[in-house]
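Participant: Listed below are the residues making up each chain.
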Amino acid sequence: QKEVEQNSGPLSVPEGAIASLNCTYSDRGSQSFFWYRQYSGKSPELIMFIYSNGDKEDGRFTAQLNKASQYVSLLIRDSQPSDSATYLCAVKVSGTASKLTFGTGTRLQVTL
Amino acid sequence: GAVVSQHPSWVICKSGTSVKIECRSLDFQATTMFWYRQFPKQSLMLMATSNEGSKATYEQGVEKDKFLINHASLTLSTLTVTSAHPEDSSFYICSARQGLAGAGTDTQYFGPGTRLTVL
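Quick mapping for you: the protein sequence lines, in order, are chains A and B. Numbered continuously in this note's numbering, the first sequence closes out at residue 112. Numbered continuously in this note's numbering, the second sequence closes out at residue 231.
Among the hints, erroneous ones may be present.
[To be verified] Examples of chain B residues toward chain A, derived with CB under 10 Å:
#1 A114
#2 V116
#3 Q118
#4 H119
#5 P120
#6 Y148
#7 S207
#8 R227
FYI, nobody ran anything at the bench for these hints, they're computed from the structure. The structure presented is a predicted model; accordingly, all values stated were derived computationally and were not measured. Even for Gly, the Cβ is constructed at its ideal location relative to N, Cα and C.
Excised from the complex, chain B in its bound form (with noise of 0.2 Å):
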C-alpha cells in the first residue's frame, strides 16, 4: 500500500515553455500533498503544501504565480511550471500524506520524481 506516482519521470522544454507534473496516490485517498524540489547533491527543499479543494500554501521564497499548484481531487495534484527558464532545471517530488493529520500518526509516502530540464 501507500503508492504514489508522478508523471512524467522526466521532461525536456524548451526556454519560456509551461510543463505540467502529476501526483497520484493510487491506493489512498490524500487531502494533503506537498512538493519539494531537490538539487543535486542538496536536500529536499519544500516548495509547497497542495490541499485538496483549497488554495496552496507556498513556502517563503517560491513563487507561486510561477509553481502553480491545483489539487482537483483527493488523488491528484499538480505542479505546472510556467515559463521555464533554465535556472528551473531540478528533481521535483511530490509526496501525499496518509492518515489524519489531527492524530499525529500521519505519514508522507513520496512520488518516483520528475526529473525537469530545462534548455
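Pulled out of the complex, with its shape left as it was, chain A reads as follows (with noise of 0.2 Å):
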C-alpha cells in the first residue's frame, strides 16, 4: 500500500466550477498535511497546508482533513484554466526529521 494516494487523473473540470481534489495516507502518526501545485516543467509550488481536522480556507481554495478518516481534500472554488496543473498531496510523519512523502499527483485540467 502506497503511503500517500492520489488519483493520478485527469480530472477535468469546467472552467468556473469547484474542483475537489483528494489524498488518503496510510501513517496515522502524520501530523502535517500539504497541497502543492506543479506546472509541467517547473518546481512545486506550495498552495496550502493544514494541520487540525477541519476546513481551511485561503481565498479560492479550501483544504479539508479528516485524521479519522486518513484522507485530505483541497477544493479549488471558481476554476480557472490557469489552475490546469498538478497537484501533489504531501504528509509529514513526526520523527522523519520534516521529511515530505509525496502522492504521485493529480492532474487537472480546467477546461474553456
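Mind docking these for me? Both chains are given alone in their own frames, and the hints should help you get the complex.
Facilitator: Structural data, given as C-alpha cells:
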C-alpha cells in the first residue's frame, strides 16, 4: 500500500466549477499536510498546509482534513484555466526529520 | 517571503564531468534543505536531507559518493553530481525548510529546479 495515494487523473472540470482533489494517507502518525501545485516543467509551489481537523480556507482554495478517516482534500472554487496543473499532496510524519512523503499527484484540467 | 533560488536553472555537460547545483534560501535561514530528483511524468523522489554544519542523510539507494551535498551556511546548500552519466539526466529540485521542526508547523519551500542533461 502506498503511503500517500492520489488519483492520477486527469480530472477535468469546466471553468467556474469547483474542483475537488483527494488524498489518502496510511500513517496515523502523520501530523502535517500540504498541497503543492506543479506546472509542467516547473517545480512545486506551495498552495496550502493544514495541521488540524476541519477546513482551512485561503482565497479560492479550501483544504479539508479528516484524521480519523486519514484523508485530506483540496477544493478549488471558481476554477480557472490557469489552475490546470498537477496537484501534489504531501504528508509529514512525526519523527522523520521533517521529510515529506508525496503522492504521485492529480492532474487537473480546467476547460473553457 | 519564503523564496528559494537555484543555480543554474539548466546545464548540459559531457559524460564524466561533475556538475554543482546551488540552492539558496533568500529571505530566511534554513537549517535543513532537501534535494529531490524528478524524472518525466513521475513524482518527486527525495534524494537526501541536507543539514547545516553536518553530514547529509541520504535516502536508500542514493549513492552518497556520487551526489555530494554540502550545507555550509544557513542559506546555502550545494549538490554536486560527480562523474555524471546520461542516466543522471533529470530535474533536480531543492527545498528549504522554514520554521522549527519540533513545533510541527515547519514548511518546505521549493527552488525553481535545475534541469541537467548529460550527453
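Participant: For each hint, tell me whether it holds in the structure or not.
Facilitator: Results for each hint:
1. A114: holds, 8 Å
2. V116: Given a least distance of 9 Å, the restraint on V116(B) holds.
3. Q118: holds, 8 Å
4. H119: Hint violated; H119(B) Cβ to chain A Cβ min 13 Å, cut 10 Å.
5. P120: Cβ of P120(B) sits 14 Å from chain A, so the hint is violated.
6. Y148: holds, 9 Å
7. S207: holds, 8 Å
8. R227: holds, 8 Å
Violation of the numbered hints given earlier is confined to hints 4, 5; the remaining hints are satisfied by the structure.
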